[in-house]
Amino acid sequence: MEKIRYERPVIKKLNTGVMNKYGTRTEYTPFTNIDGAKVKDLIAEFGSPLFVMSEQTIRKTYKDAVRAFTTRYPKVQFAWSYKTHYNNAICNVFHQEGSWSEVVSGFEYNKALLNGVPGNKIIFNGPDKTDEDLILAINNESMIHIDHLDELYRIIELTEELKKRPKVAIRVNMDTGVYPMWDRFGFNYESGQAWDAINKIILTDKMDLIGLHSHIGTFMLTPSAYAVAATKLSDLAFHIKAKFGKNISYIDMGGGFASRNTLKGSYLMGADTVPTFDDYAEAICSALLNSDYSKDELPLLILESGRSLVDDAGYLLGTVLANKRLSDGRKATIMDFGVNLLFTSFWYEHKISPAQEFSHYTEDSVIYGPLCMNIDVIRENVTLPPMKKGDNVVVHTVGAYNMTQWMQFISMRPNVVIIDMEGKPHLIRKKETLEYMNSLEVTPSYLSEFKL
Amino acid sequence: MKIKKNVAISESGFIFNPTTGDSFSTNPIGLEIIRMLKDEKGKDDIRKAILSKYNADESTFEKDYYDFVMMLQNNQVGDEGE
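Chains as they are written, first to last, in this note's numbering: chain H, 1 to 452; chain F, 1 to 82.
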C-alpha cells in the first residue's frame, strides 16, 4: 500500500477577535511553475537558491506602463534604471522594448555603452561622476544631469578643455508634500538654488540646458506628489522661456513608482494598495497638459522607472534547511537564502509560497536565512503551511534591487536565469565560485605561508 | 505524555481545553497522535503506527514528535509523564 504524504504534526491555538501580527493565511495552492518552467526542474538544473526572471512579465509590465502614459501624453520616453537591475540580459529586454538607459556611475554608463545603447540615449544621473566619466559622456553627447555646483563648475572647465557644448539638465529637489523630502540630490526649488543653477548654466553659455529632472522619492504611494513636481518643473521651464526665450526639450520625472510588494508595517497587502501606472500617469500627464505649454512646446516626458517595471518579474527559489522551535514557542524555518541575497527583505514583507503540495493547516512562523548573523531574518511573522527539510519555496516580487544590492557575504551569489517567452530557461549570470572570489585577492608573499 | 482527561477532541481536529478555555486546531497526523496519546499508547507504538502509514523516516518523525509533544505540554493539552 502506498504511504500517505507526510506532514509535520502541528497544533495551533485558535484566537478570536482582531488579527494578530502574523496575519491570515495567504497561500492556498503550491507555486509549482514560472511561465511554464517547473520550479523543481529549475532547482534540479541550476541549484538552490536560484533567482529567476520572467521575460514575459517584464515585457507585459513595460507595455502596461507605456500604454498608461502614451494614451495620456503625446511624447513619452522611458529610460531603464540600471541600478535597479543591471544584468545585461535584463537591460536588453528593456532596450528591445524601446527604453533608453539611465545610469548613475561610470560602471553603469560603460555597461550601457557595451550593451549597445547610443551615447545620446544615455541619461547620466547621480552625484558621483569622475572626470573620466564626464569626458566620456560629453564626447558621446549623453544627457548629463547635474547634481551639485561642484559638478557644474567642473563641467564648465571641461568644456574649455574639450571645446564641446555638453547637453545638460539639472536635478531639482522640492517639497511635494511627502515625507521624507529628498533634498540631498540636485538643487532645491523653493530656496532658489535651482533657478540660480539654471542662470549660471545659461549665462556662462558653455553648455546646452535641454532638460529639467526630478526624482522625488522611492516607493511613492501618493501619485499627487508627482503632479506637484511636474507643476514646479513646468514653472521653471516657463521662467526659462520668459527670461531667455529658450524651450526646455524634456521634463524627466525620474522614478519612484511603487511595485506590488508590501512595505514593512503596512496593514494591507501591497498588491491591494499601491497606485497603478494609470494613477501615476494621470497625475503627471494632467499636470503637464494643464500647464501653459502650447501644443508645439510640450516637452518630451521622460520616466526612469525601475522597481515598478521589474520587481514583479523576479522570483527567488530556495530550499528549507531546517525547522526549529524558539524559546517563546514560535516555529522557525531556516532557508538556504538570507538577507545577503534578499536585501529587500529589510524593507518588504515578501510573499513566500511553498513549491509543493500542502494541506490547509498553517503555523505562525519566523523565516530565517542561513547566515550566522542575528539580523538574517527574511520574515519576522508569517503564516505558512508546515514545511520540512528539503521542501522548496518561491519568494515573489524580488526583481528590483536584489541582484544589484546583493552581498557576497559568508556564501557566494547563486545562478540567475531568465524564462523566455516560450517558457525556456536561460542562464544569465553564473554563480560565483571560490576560484572566482580568490582570483580577486592578492596575498603578499610574506603572508602566504604559516605553521600551525 | 498523556492527554488530559477533560480535553475534548472532535473528529475534525478541533480541540477544546475546558480548564483554560483555550481551543486549538490540529492537522490529521496531529489528531492521530493525540488520539493515540489519549488511548495511552507509548511513543514506540505511535512511531510504528505513523511510519507504517506515512512517508517519513525515523529521524524526521522523532524530531517532529518531540516538538509536537512539547507544544501539547506548553498549551496545557497534555500532562507531563513518560
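Don't read these hints as lab results, they were simulated from the structure. Hints should not be assumed to be uniformly reliable.
Taking lysine-lysine pairs in the DSSO-like style, the calculated list, with each CA pair at most 27 Å apart, reads [as the list claims (entries may be wrong)]:
hint, chain 1, residue 1, chain 2, residue 2
1, F, Lys48, H, Lys12
2, H, Lys40, F, Lys38
3, H, Lys241, H, Lys206
4, H, Lys388, F, Lys5
5, F, Lys5, H, Lys3
Here is how each hint holds up against the structure:
no.	hint	result
1	Lys48(F) x Lys12(H)	25 Å, holds
2	Lys40(H) x Lys38(F)	40 Å, violated
3	Lys241(H) x Lys206(H)	18 Å, holds
4	Lys388(H) x Lys5(F)	32 Å, violated
5	Lys5(F) x Lys3(H)	32 Å, violated
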